[in-house]
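Q: Make the full structure from the sequences, and use the hints.
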Amino acid sequence: MSEVRVRNLSLAYGATKALDDVSLDFPDGQLFGLLGPSGSGKTTLLRCVAGFVFPDHGSVMIGGESVERVPVEKREIGMMFQSYALFPNMSVADNIGFGLKVRHLDKPEIARRVGESLELVHLEGLGDRRPHALSGGQRQRVALARAIVTRPRVLLLDEPLSALDKALRSEMQVELRRIQREVGITTIFVTHDQEEALTLSDQIGILRAGRLVRSGVPRNLYHVPQDRFTASFLGEANFFDGKAEQGGLRLASGTLLPWPGQKVEGLGTLAVRPEEMTISAAGPAERNETCAIRGELVRISFSGPTALCLVRGEGQQFSVLVKNSELTEIPVSGPVTVSWPAARSMQIRD
Amino acid sequence: MSQPRGISRVLGRGYVGLVLFFLYAPILVMALMSFNASEFYAFPLSFTLDWYRRLWGNAGIVASAWRSLWIAVATTAIATVLGTAAALALFRYEFRGKRLLQALLFPPIAIPWLIIGTAMLIFFFWVGIGRGTPAVILGHVALALPYVIVVVAARLQTFDPQLEEAARSLGAGQWVVTRDVTLPWIASGVVAGALFAFAVSFDQFVVSYFLAQPGDATLPVVIYTAIRKGFTPEINAISTIIIAVSMAVMLAASRFFKFGGER
Amino acid sequence: MAQATSRRDALRAGVLLAPAYLWLTVAVFLPLSAMLFFSFLSAAPFTSANWHVTGLNYAEFLTRSIYPDLLGRSLLLAAIVTLACVLIGYPCAYVLARQVKGRAREALFLLIILPFWSNSLVRIFSWAIVLRGNGIIDHTLGALLPFVSVNLMFSYTAVVIGLVHSYLPYVILTSYLALQAIDESILEAARSLGAPFRTILFRLLLPLSLQGLAAGAVLIFVPVAGSFMEPRILGGKHGIFYGTLIEDQFVATFNWPLGAALSFILLAVVLVILAAASPILKRAR
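Residue numbers (my numbering), protein chains in the order written: chain A, 3 to 352; chain B, 34 to 296; chain C, 29 to 313.
The reader is advised that the hints may include incorrect statements.
Going by beta-carbon spacing under 10 Å, a handful of chain B positions derived as facing chain A [what the hints assert, rightly or not]: (1) ALA70; (2) GLU72; (3) PRO194; (4) GLN195; (5) GLU198; (6) ALA199; (7) ALA200; (8) SER202; (9) GLY204; (10) VAL214; (11) TRP218; (12) VAL223; (13) THR258; (14) ALA259; (15) ARG261.
Lysine-lysine pairs mimicking DSS-like chemistry, simulated, CA-CA at most 30 Å apart [said to hold, decoys possible]: (16) C/LYS310 <-> B/LYS131; (17) A/LYS76 <-> A/LYS109; (18) A/LYS19 <-> B/LYS262; (19) A/LYS109 <-> A/LYS19; (20) A/LYS76 <-> B/LYS131; (21) B/LYS262 <-> C/LYS265.
Calculated from the structure, these hints are not laboratory results.
Remember, it's a predicted structure, so these values are computed and weren't measured experimentally.
Ideal Cβ positions, reconstructed from N, Cα and C, are used throughout, including at glycine.
A: Shown next as structure tokens:
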């Protein structure tokens, strides 16, 4: 078990910078999620830590040891692949035991540890099966067991759950978390699914175009996103641009959004999560701690327990998430007032 | 059409039957005649194994048959190993000139063997290799290599490169990865490639014709020389054996390689 | 990627590739280059100490009309054989690809391409047995129509029959691959629009499988233009073609430089044909 640090990592494929001066710490024993759109460099970063690619510049340290020029097979890492990459010509037990066989452990020891791993992932008795005779979830468990049975210093997961359907995915999220805790291994996983990143991770790093945008604890990133990209990539956000004034933000239309405790000068932007907003037919209640905007309800898209209302106002469109039970209090269309507690406004600094 | 009307279905099958008749009838006639007692292929047929017995006594043909066989085995071994290695490299690595290397496999397949054979004859004489069995093997391997590479590469198309990465992440070096993960997957392609190589060599006439030493030739060359002197049922007998062997080899290959490109 | 991995990878790729490509270089590419050089020599260096560089071999091709005539004769033969193979093979490929299904299709297809990989010399010889006077065709016809005797052996027709037999599987193979790749729903769409079979054939099937058909045609035309064994065995005195001319230079008259020049002219023709066909072959990739 070891901490992983990368410092000033850069890697270019021809003219495209896959990684651009990325520095990040992956603390010992934590589950760290790398999140970003496709092409953001998250997978490249993972493959740099794994040793499949070597960086042009910068260092990769695993447990305090510089490894950026060590090829993958000598790095003592465990990796789980998006397609699971189970060896089709080997049984489940041989798949799991492969890394131990490569390390020339004797047969009884291999059998013992393979047995332990099967127990850990709740696949007792399936050791003789072939991978193609397993279900998707079972294959995933085998892949995980295979990756950790060698007791690697770090576990790397490349989009580990993307091949599973929704129900199985949430079940496996819990399982993954349990096993990771039980083993206590430093884990880095790559995903493009922000919900998955928020659920699973101790910490999250957000990448965009090869650069690290932000990193931190999920709650913190969600509630204090600081930049537009993080705010809109982690969850949804409505943005309001305006001029900072004493006590608030003055929008172009003249509406003042009170914003106590913020020191903003010049132009400023605030972001509000759709679920923090409420919508009503009545006029605005003028209170100091409440922001209110008048607008026109354009459309309601119903999605089971909640509904998303699209509102036009202040020269833009924004969305408001309402509980199903509150839907009855809202007109189907026409003028509405959207409001939220001023403390829920998040400051955007870029 | 998924549901052709009955008549076109019958017509279609009948037509394929005719084509098959055209392809196989002469071979069957030839095989039949090898069991005919009459030296002049006269009718009616009277069964005999005489020609096969005589064949066995014909030292020249027997020697050339064994020579053809071991040249084919040697060609198969060399071409399979070199071709599989090359296919692996073309699959695994990205490098400049890769497309050129792939394109270079085309000329040995596409250029008529007459041209390649005569070119080999000139060059081998020039550099002192001359004619004979080494020259024949040199030529046969070169003709078989592109087939092996293409067939193995086709099998590799279905191989998930993440399997190699997974094995490496578990600590396996290049050789262990190849032996335990890659080769088991492409084994059927390698076997098919080997059988193709065997067929290219064992059935090779044109290139052997120019490169073999007279008196030390391969079976097809000996048969060609014999045919030009006049037909004898002995030639039918050895031809029947050859066609049986090569069809058996290709039937075996078909178990490992989908010619139809499905599945 | 200026990295150590790529340098190591380059080394590994080199180790794996070098043996195969060195072999091809020594046994194919160097010989072809040597032949080009040789075609400009007055005599073979290893038979005569008195040799020099000359264009005479090519001049001889142009001045003695028998050579271009034979080349034309071979190209005509190749065209006839190719056309026959296409006309016979394409419908067969169509039936296999679109009318037969499942195991029957697999078995039939295998039967058709099996001869493709068996000894061509032996198959040509088998036609000699069938076509010869007093052979099986003669007998069969004789039984039906007394006093009629056919002897196709040693004729142009015999050469064409033998070559069609040899190369027919190529065009069936390539056309079949192209035809079975056509999405059934495209054809169903055409039928739902009321298209008759003729329209479907000429507007959909043929254009969509043209690549495979052309590949098969090239694979037949090129080797037939250079054939010599088949005309020798089946053609007799009608079996003089460009290929046999080249063969003679190497095994009978031993004029290797002339043979090299003749080979090279054939290679040039082959390359022109491949280049001409390449737009069709590359299309739809």
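Q: Now, for every hint given, state plainly whether the structure supports it.
A: Structure-based check of each hint:
| no. | hint | result |
| --- | --- | --- |
| 1 | ALA70 | violated (54 Å) |
| 2 | GLU72 | violated (56 Å) |
| 3 | PRO194 | holds (9 Å) |
| 4 | GLN195 | holds (4 Å) |
| 5 | GLU198 | holds (6 Å) |
| 6 | ALA199 | holds (4 Å) |
| 7 | ALA200 | holds (7 Å) |
| 8 | SER202 | holds (4 Å) |
| 9 | GLY204 | holds (5 Å) |
| 10 | VAL214 | holds (6 Å) |
| 11 | TRP218 | holds (6 Å) |
| 12 | VAL223 | violated (14 Å) |
| 13 | THR258 | violated (48 Å) |
| 14 | ALA259 | violated (48 Å) |
| 15 | ARG261 | violated (52 Å) |
| 16 | C/LYS310 <-> B/LYS131 | holds (19 Å) |
| 17 | A/LYS76 <-> A/LYS109 | holds (22 Å) |
| 18 | A/LYS19 <-> B/LYS262 | violated (73 Å) |
| 19 | A/LYS109 <-> A/LYS19 | violated (46 Å) |
| 20 | A/LYS76 <-> B/LYS131 | holds (29 Å) |
| 21 | B/LYS262 <-> C/LYS265 | holds (15 Å) |
Of the hints listed earlier, those the structure fails to meet are numbers 1, 2, 12, 13, 14, 15, 18, 19, in rising order.
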